[in-house]
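**Q** Listed in order, the protein sequences are those of chains A and B. Counting from 727, one number per residue, gives the positions in the first sequence under this note's numbering. Counting from 30, one number per residue, gives the positions in the second sequence under this note's numbering.
These are calculated hints, taken from the structure and not from any lab test. Predicted model, so just to flag it, every value in this text is computed and none were measured. Treat the hints with care, as some may be off.
[What the hints assert, rightly or not] For the chain A half of the interface with chain B, some residues (derived, Cβ under 7 Å), not all of them:
id: 1; residue: I741
id: 2; residue: A751
id: 3; residue: W752
id: 4; residue: V859
id: 5; residue: G861
id: 6; residue: L863
id: 7; residue: A867
id: 8; residue: P869
id: 9; residue: F881
id: 10; residue: A882
id: 11; residue: F1021
id: 12; residue: M1034
id: 13; residue: V1038
id: 14; residue: V1040
[What the hints assert, rightly or not] Covered stretches of chain B, going by a simulated chain A footprint (3 or more residues, C-beta under 8 Å):
id: 15; region: 166-173
id: 16; region: 191-205
[Said to hold, decoys possible] Simulated restraints on C-beta separations:
id: 17; chain 1: B; residue 1: Q301; chain 2: A; residue 2: W887; range: 16 to 22 Å
id: 18; chain 1: B; residue 1: G241; chain 2: A; residue 2: A751; range: 42 to 48 Å
id: 19; chain 1: A; residue 1: L951; chain 2: B; residue 2: S63; range: 22 to 28 Å
id: 20; chain 1: A; residue 1: S852; chain 2: B; residue 2: L100; range: 32 to 38 Å
id: 21; chain 1: A; residue 1: L864; chain 2: B; residue 2: L100; range: 48 to 54 Å
id: 22; chain 1: B; residue 1: I65; chain 2: A; residue 2: A751; range: 32 to 38 Å
id: 23; chain 1: A; residue 1: T971; chain 2: B; residue 2: L174; range: 47 to 53 Å
id: 24; chain 1: B; residue 1: V155; chain 2: A; residue 2: A751; range: 34 to 40 Å
We put the CB at the ideal spot given by N, CA and C, even for glycine.
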Amino acid sequence: MLRFIVRRLLQLIPILLGLSVLLFAWLRALPGGPAQAALGERATPEAIARYNELFGLDEPLIVQYLRFLGRAVRLDFGTSARTGRPVTTEFLERMPGTIELTVFAMVFAIGVGIPLGYLAARKHGSWLDSTSVIGSLLGVAIPVFFLAYLLRLLFAVELGWLPGSGRQDVRMDATRITNFYVLDGLLTREWDAAWDAVLHLILPAIALGTIPLAIIVRITRASVLDVVNEDYVRTANAKGLATSTVRRRHIIRNALLPVSTTIGLQTGLLLSGAVLTESVFSFGGVGSALYDALFARDFAILQGFILMLAIVYVLVNLLVDISYGLLDPRVRVR
Amino acid sequence: MTALGDVRRRRIDELAARAGQVPEGEGGVSLTRSAIRRLRRDPVAIIGAVIVVVFLVVAAFAPFLAPRDPLAQTLLSEIRPGSIPGGREGFPLGVDNLGRDLLSRLIYGSRQSLLIGVVSTVLGVVVGMALGVLAGAFGGWVDTLVMRFVDIVLSIPSLLMAISISVLLGQNQYALMIAIAVTQVPIFARLLRGSMLAQRGSDYAVAAQALGIRKSRIVFGHVLPNSLSPVIVQATLSLATAIIEAAALSFLGLGDPDLARPEWGAMLANAQGFLSIRPELAVYPALCIIVVALGFTLLGESLREALDPKFRR
């Protein structure tokens, strides 16, 4: 198992190198190049020339790339043109919010998706089955930001049941330790702060969790339908095992293997792809920062965030592969 | 094989491998013909096809179907901050915040939205297939090189990829199409390569080789046509994704800035500002996107079943 993990880690190196080349080239290829990126769109030609000289941007590309790589390894992606703060600091400050949101969204998607998919398969052909199939098709077809707006309009603006923006009530003077607001509230025993953060998470989590929910329902249903017809299930039934035992040990355990893959993949996507949902709810995570940077053409933030998010995505995928190896011994051999 | 998204790739490969299985006992009926026969009996396929055809017809005949000019602004006294009038005589669905007829804009919008979907998917398919054929036909270091590149592109989440490309290429409808196409390329490349590898060892390919047929002939005349079915399925499904992704990019301000071309994504993005005044402005374009995406998805899923020998009934 250890060799499996080490091999996987080593295989990351070419991917990360390739990514760094791509993003390095991306910033160079932008009209105006990195100087414009750092100084903003209204920089004068003199300022750009001065900047290029100062940061060695008149040197050969390969030298520049190696220097960029050297800084990237130390997680130094320059400073934001808008806020003047280091890109990495901004990222680390905002990532906890995105992680919290992803966790809540996945809890929603898994908590609803697996039981629903399982029931749909058990009652194959019933109204519950057809509803969940149609629902899962719709869930993938609806534009996420539109769903987010609808939820916000209905539950936050019209009904006023839940907060519709931000991560916490601004009037709440909560203590910050980890920047995970819910966790902070629990650690400092400020229960109302924790509860408030949870309330702020509900609507964005539902919006963000809808696509994974739809996919999980579909995969669970298909996979349970597959497993139910397997020989070993018939054998288990034939040898007189209790229905509940067959279900638990033979059907669910095997059916959940492909589901676990999907869950991993979707988690990786959510961690990196919450741009739309976060910006609708002005959530203050990585996604809404990307959205702001996009409109401000803050290229340093864009480059740094995209690279770091891609790394997060790659690492989550690695974790998925490893956990899959743990769950299914057959994978390790290959 | 690298670690990243191994599972995602494995799934693409599984799809590809499945295309290699030969249906048993389909006495003399070609896969295409039996697939069409099965599609015609499948209500899901019919619903999907009807939806797609209806929208294609609307897009093609937009000038005849639209009651008004989608760009003409009618000055209605009711259009004020905080109020946009609804349906009325001559404006069945009402107007937008600039007094343009919503129904006509929706009808004309189908052109641009479908165009973006089709062009970006075709672009993605063509480039992806070229890479896939390269890797699948040559193997060896070409294969390694192409697949490494594909892996790197796959390691950037697709929305972030599309954002980066859009920023790079500036804001116009071609940039939008290219950005979406780039996110599709690795999927098709991987799919076709896997499918071709599965075909390469098959009896007919070996037989052709034994007969001394030129390699290019084997690849393009035999292996490639037999490897296409997963690509066709994925392309249909990708049309749905492309249209949704175009809407997302419009929302992020990376859409087509040319106001002379109404487009659902841009209409939807624009309507967010008036959601609490007149939600219909957002709901209708969103419905169009959802229904079209659904149509392509239904068609794609039933194609998958029809072309998959495992599902043969």
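**Q** Which of the numbered hints are not met once you compare them with the structure shown?
**A** Numbers 2, 4, 5, 9, 10, 12, 13, 15, 20, 21, 22 and 24, in rising order.
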